[in-house]
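Number of protein chains: 2
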Amino acid sequence: MIRLYDSLSSGNGYKVRLLLTQLGIAFERVEVDILKGESRTEAFLAKNPNGRIPLLELNSDERLAESNAILLYLAEGTRYLPKARWQRAKVHEWMFFEQYSHEPNIATRRFWLMHPPISEERRAQLEPKLRLGYEALGVMERHLSTRAFFVADEYTVADIALYAYTHVAHEGGFDLHPFVAIQAWIERVRSQPRHIPITTG
Amino acid sequence: MIRLYDSLSSGNGYKVRLLLTQLGIAFERVEVDILKGESRTEAFLAKNPNGRIPLLELNSDERLAESNAILLYLAEGTRYLPKARWQRAKVHEWMFFEQYSHEPNIATRRFWLMHPPISEERRAQLEPKLRLGYEALGVMERHLSTRAFFVADEYTVADIALYAYTHVAHEGGFDLHPFVAIQAWIERVRSQPRHIPITTG
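In order, the protein sequence lines correspond to chains B and P. Under the numbering used here, residues 1 to 201 are what the first sequence spells out, in order. Under the numbering used here, residues 1 to 201 are what the second sequence spells out, in order.
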């Protein structure tokens, strides 16, 4: 059975849990306590040298890290990844946007606020990350103001990737009320068949 | 003709220039002066709402942002992207690693050092980014110690993505001398047919 090294509060882990569930793929979830350093033990680093969850383990030789790479792998050939080359390119574009412009600001801020105390070094970054996170939300809002989903007017892994930390952005100190298109999109994502909340293991 | 909005000193832009050249695809390069705010003008934001280069423009309706999404789009069906599903997944994994764990530390530090003065806010991040950049280089070194290239023992877009800022990491204050496997890999990448240096427009 597929094994997923995961952390229940992680949006990156949630992306994979959500897609596996929507695809109807059975998997064993292994909780990794990041705060206790369990993703940096020698045993875990042998599985993922970058020391991060989520990590998908197909067997003792085949493991895949990076949440969005896992989504793309699992979605291939399914309704969650468009077949057309240009549409797939746009899915990739939004997924790289998510990891570069969205997650490091919104997810990181959420993680810090959820796990006090906040060090001096991190405290200095709270304000810049708030500004950059709102910029990313602004880009999403503008795009969604004329569309139901990010690509091809269909629910794809681009939506899953961006939903993971957007729908809990308030936990990172972001106010989503002005973002009406994002709010409507969150409801559309939530109403997809077999949707599960982030806290479901 | 394909148009590439680009900045000559940008490693992210270089990735695309390099692959287009190796594929033998003619393109028009449009230099965007980031320091003068040219990627944040109303006209440019109409093309890429995220206000970044590189941006690939196929025509007035089709534009693609995010350097690694552009690489994947251009490489499809060519020798630079493996056909096998698992190998493609590993290419994606390394490309997301590059944008999340490598570029924000090594490229950002290089950009700041190349364009003084450095603000107080940024100065506080120089040390953490040095540490995280060396961590990313350590992950690469470990992987390359038993391999010629990142995936499938072939030169792929994963190598192009990681080469772009690794080979100029010294400009970000990183000492590559201890990383012997990375140094040997840099030479292998450099010796690929139709290779061009970063400063070539």
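Derived by calculation from the structure, the hints in this document are not laboratory data. Think of the CB as a built atom: it goes at the ideal place given N, C-alpha and C, for glycine as much as any other residue. Please note that a few of the clues may not be correct.
[Unchecked claim] Calculated from the model, a selection of chain B residues having no Cβ within reach of chain P, i.e. all distances over 10 Å: (1) Leu-20; (2) Asn-50; (3) Glu-76; (4) Lys-90; (5) Met-114; (6) Leu-176; (7) Arg-194.
[To be verified] Here are the simulated EDC-like cross-link-like pairs (lysine to aspartate or glutamate), alpha carbons at most 20 Å apart as the crow flies: (8) P:Lys-47 with B:Glu-28; (9) B:Lys-83 with P:Glu-62; (10) B:Lys-47 with B:Asp-61; (11) P:Lys-83 with P:Glu-38; (12) B:Lys-47 with B:Glu-28; (13) B:Lys-83 with B:Asp-61; (14) P:Lys-47 with P:Glu-31; (15) B:Lys-47 with B:Glu-57; (16) P:Lys-83 with P:Asp-153; (17) B:Lys-47 with P:Glu-141; (18) B:Lys-47 with P:Glu-135; (19) P:Lys-83 with B:Glu-62; (20) B:Lys-83 with B:Glu-154; (21) P:Lys-83 with B:Glu-76; (22) P:Lys-47 with P:Glu-57; (23) P:Lys-47 with B:Glu-141; (24) B:Lys-83 with P:Glu-31.
[Stated by the list, open to error] What follows is a list of derived Cβ distance ranges for each label pair: (25) P:Leu-58 with B:Glu-120: 41 to 49 Å; (26) P:Ile-118 with B:Arg-123: 38 to 46 Å; (27) B:Pro-116 with P:Pro-178: 32 to 40 Å; (28) P:Thr-199 with B:Thr-21: 29 to 37 Å; (29) P:Thr-199 with B:Glu-120: 36 to 44 Å.
A quick look at each hint next to the structure:
1. Leu-20: holds, 15 Å
2. Asn-50: violated, 5 Å
3. Glu-76: violated, 6 Å
4. Lys-90: The claim is violated: Lys-90 of chain B sits with its nearest Cβ about 7 Å from chain P, within 10 Å.
5. Met-114: Check passes; 20 Å lies beyond 10 Å.
6. Leu-176: holds, 18 Å
7. Arg-194: Correct as stated: the minimum Cβ-Cβ distance to chain P is 23 Å, above 10 Å.
8. P:Lys-47 with B:Glu-28: Not satisfied, since the Cα-Cα distance of roughly 44 Å exceeds 20 Å.
9. B:Lys-83 with P:Glu-62: Satisfied, since the Cα-Cα distance of roughly 17 Å is no more than 20 Å.
10. B:Lys-47 with B:Asp-61: holds, 9 Å
11. P:Lys-83 with P:Glu-38: violated, 38 Å
12. B:Lys-47 with B:Glu-28: holds, 16 Å
13. B:Lys-83 with B:Asp-61: violated, 29 Å
14. P:Lys-47 with P:Glu-31: Within the cut-off at roughly 15 Å; holds.
15. B:Lys-47 with B:Glu-57: Distance of about 9 Å is within 20 Å: holds.
16. P:Lys-83 with P:Asp-153: Roughly 14 Å between the alpha carbons, so the hint for Lys-83 of chain P and Asp-153 of chain P holds.
17. B:Lys-47 with P:Glu-141: Answer holds: Lys-47 of chain B to Glu-141 of chain P is near 16 Å, not above 20 Å.
18. B:Lys-47 with P:Glu-135: holds, 16 Å
19. P:Lys-83 with B:Glu-62: OK: Lys-83 of chain P and Glu-62 of chain B at ~17 Å, within 20 Å.
20. B:Lys-83 with B:Glu-154: Judged against 20 Å, a Cα distance of about 12 Å means the pair holds.
21. P:Lys-83 with B:Glu-76: Since the Cα atoms of Lys-83 of chain P and Glu-76 of chain B sit roughly 13 Å apart, the hinted pair holds (cutoff 20 Å).
22. P:Lys-47 with P:Glu-57: holds, 9 Å
23. P:Lys-47 with B:Glu-141: holds, 16 Å
24. B:Lys-83 with P:Glu-31: violated, 33 Å
25. P:Leu-58 with B:Glu-120: 41 to 49 Å: About 47 Å separates the Cβ atoms of Leu-58 of chain P and Glu-120 of chain B, which means 41 to 49 Å holds.
26. P:Ile-118 with B:Arg-123: 38 to 46 Å: violated, 19 Å
27. B:Pro-116 with P:Pro-178: 32 to 40 Å: holds, 37 Å
28. P:Thr-199 with B:Thr-21: 29 to 37 Å: Violated: the Cβ-Cβ distance is about 49 Å, outside 29 to 37 Å.
29. P:Thr-199 with B:Glu-120: 36 to 44 Å: holds, 39 Å
The structure fails hints 2, 3, 4, 8, 11, 13, 24, 26, 28 (numbered hints given earlier, in ascending order).
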